[in-house]
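K.L.:
Sequence:
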Amino acid sequence: MNEKLHLGVGRSVITPKVGACLAGYRPDLVSTSVNDDLTATAFYFRQGDKDALLVSLTVCTLNTALANELVGVIEDKFGIKKEHCILHTTHTHSGPNLMGSYGWGDIDPEYLNGIFIPNLLSAVEAAKSSVRAVTMAVKVGESLVGINRRELTVENEIKLGQNPWAPFNPKMTVLSFKDENGIPAANIIHYGAHGTAAGANTEISRDWPGVMTDTLEAESGTVTAFINGPEGDVGPRLSNGKTVGLGDINYAMRHGAWAGQDAVRIYKTNAGYTTPKLSAFTGYVTIPLKKRIPLDLAKEEYKKYEGHTVNLRGKLERHYRTLIESYSNGYEELSHYEIPQTVIKLGDVAIVATPYELFSEIGMRISAASKIPYVLNLSNANGSEGYFATESELCRGGYEINMFLTKLIQEPVDNADWHFIKQTLKNLDDMED
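In this note's numbering, the protein residues as written are 1 to 433.
It is possible that some hints are incorrect.
[As the list claims (entries may be wrong)] Lysine to aspartate or glutamate pairs mimicking DMTMM-like chemistry, simulated, CA-CA at most 25 Å apart:
hint	residue 1	residue 2
1	Lys-290	Glu-300
2	Lys-128	Glu-217
3	Lys-371	Asp-106
4	Lys-159	Glu-385
5	Lys-81	Asp-106
6	Lys-426	Glu-385
7	Lys-290	Glu-411
8	Lys-291	Glu-301
9	Lys-50	Glu-75
10	Lys-128	Asp-179
11	Lys-407	Glu-300
12	Lys-171	Asp-429
13	Lys-82	Asp-430
14	Lys-371	Glu-83
15	Lys-171	Glu-217
16	Lys-407	Glu-157
17	Lys-407	Asp-429
18	Lys-303	Glu-157
19	Lys-277	Asp-49
20	Lys-290	Asp-248
21	Lys-4	Glu-157
22	Lys-407	Asp-106
23	Lys-304	Asp-28
24	Lys-426	Glu-391
Honestly, the hints are just simulated from the structure, not real lab data.
Note that the structure is a prediction, hence the values are computed from the model and not measured.
Required output: the full structure, derived from the provided sequences and hints.
P.N.:
Structure representation (structure tokens):
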């Protein structure tokens, strides 16, 4: 029999002031009101001399260097090893900019230092100081609130929309915790889909996952948080036939109600509560790189985007400019790059953090091949490095592929997804009891 598992939960509000720029669509989208508060919900796990921390942050993304700095602060302040910490962002596009990515705007230092960091640390402190013995149940069902968003047109082009025949994982998982008296202690919902139901609205909001978590929280009587799975090519299955709303917050409210019904239905399924064994570690995934594209081709590509500074075109302008400069500044080509991967394992459940927006097929392939019954892959966890695509989609191109291939000066190899999957499985095998 395992030692008792202890869980502490803390929550704080991380809503920015009205007037803050909203992240995800364009750098000049300014908030005009608060529809629902943004939150940091911290889950602190302890079993014997082992502990781990999972924080669900209802913002779009978190700069990777900033995430690394914050887990270091948490280690220094609370004694939780940074290798055992996951800071996960739910990817709402109606929250503040904490990414600072070229073309999408800068991080607001006043918000970061005055609201976000103090309240994140407050949530962690509350979680660590409120532990109680718990048992856990794993409840799994299906939800169709998401759909593949890489719509293929009759002209054989990819655009953001709905693609009903492309990969998409309908599994929704609810981790449910009860204390020793059988009283609900916390819930964690895992599903993979973009937080884009409202579209380019001006209300600060958690988007559709906020309504979903509020619904289960009300029905179960305990704190509930959302962790977003492989959502790189998945969006909300909206009534407008798209995966992005029309700048109308009502899309998010309606869609969240649907998701909430599914979450409650799954939560109410019968599943045994047991005491899982806790473990956590950080491993690495190594992705080989191609050689740089030729200088002449880089110059040719640069001309297509010269003068652009915003969003994808701005990013591509900077990428090809930097690539051209690399031929004269002594750049030495790399053979590979490494991706840190933090895993928190709770018995039959492995929560796998990756600082990318994984395509859904990657998560499904990992789950299918792993010896661990429930592998909950996360996107945008411990940083954000953009999309991570599958080899089969490279030939189609599109927004996500352009972002994926131009993250670094050198492109990843075509079968980068296979390398990612293979090494993730090895990391999980290394954690086996």
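K.L.:
Evaluate each hint against the coordinates.
P.N.:
Taking the hints in turn, this is what the structure says about them:
Taking the CA atoms of Lys-290 and Glu-300, the gap is about 19 Å. The hint holds against a cut of 25 Å. Between Lys-128 and Glu-217 the CA atoms are separated by roughly 21 Å; this keeps the pair inside 25 Å, and the hint holds. At roughly 42 Å between alpha-carbon atoms, Lys-371 and Asp-106 are farther apart than 25 Å, so this suggested pair is violated. Proposed proximity of Lys-159 and Glu-385 is supported: the alpha carbons are some 21 Å apart, at most 25 Å.
Pair hint Lys-81 plus Asp-106 does not hold up; C-alpha atoms about 29 Å apart against a cutoff of 25 Å. For the given pair, Lys-426 sits about 22 Å from Glu-385 by alpha-carbon distance, which is consistent with the 25 Å threshold. Annotation: proposed proximity of Lys-290 to Glu-411 holds, straight-line Cα distance about 6 Å (limit 25 Å). Straight-line distance between C-alpha atoms of Lys-291 and Glu-301 comes to about 17 Å, which keeps the hinted pair within the 25 Å bound.
A threshold of 25 Å between alpha carbons decides the hint, and for Lys-50 with Glu-75 the separation of about 14 Å falls inside it, so the pair holds. Restraint check for Lys-128 and Asp-179: the C-alpha separation of about 16 Å stays at or below 25 Å, so the hint holds. Of the supplied pair hints, the one linking Lys-407 and Glu-300 holds, its CA atoms being roughly 19 Å apart against a limit of 25 Å. Pair hint Lys-171 plus Asp-429 holds up; C-alpha atoms about 23 Å apart against a cutoff of 25 Å.
Proposed proximity of Lys-82 and Asp-430 is supported: the alpha carbons are some 19 Å apart, at most 25 Å. Taken as a hint, the Lys-371 and Glu-83 pair is honoured in the structure, with Cα atoms around 23 Å apart against an allowance of 25 Å. With a C-alpha separation of about 20 Å, the suggested pair Lys-171 and Glu-217 falls inside the 25 Å cut-off, and the hint holds. For the hint pairing Lys-407 with Glu-157, the CA-to-CA distance comes to about 22 Å; that is within 25 Å, so the pair holds.
For the suggested pair Lys-407 and Asp-429, the alpha carbons sit about 29 Å apart, so the restraint of at most 25 Å is broken. Between Lys-303 and Glu-157 the alpha-carbon distance is near 22 Å, which keeps this suggested pair within the 25 Å criterion. The straight-line distance between the Cα atoms of Lys-277 and Asp-49 is roughly 12 Å, inside the 25 Å bound, and the hint therefore holds. Of the supplied pair hints, the one linking Lys-290 and Asp-248 is violated, its CA atoms being roughly 42 Å apart against a limit of 25 Å.
As the CA atoms of Lys-4 and Glu-157 are separated by approximately 54 Å, the hinted pair breaks the 25 Å bound. A C-alpha spacing of about 18 Å is found between Lys-407 and Asp-106, which places the hinted pair at or below 25 Å, so the restraint holds. Straight-line distance between C-alpha atoms of Lys-304 and Asp-28 comes to about 23 Å, which keeps the hinted pair within the 25 Å bound. A C-alpha spacing of about 20 Å is found between Lys-426 and Glu-391, which places the hinted pair at or below 25 Å, so the restraint holds.
In summary, the numbered hints that this structure violates are 3, 5, 17, 20, 21.
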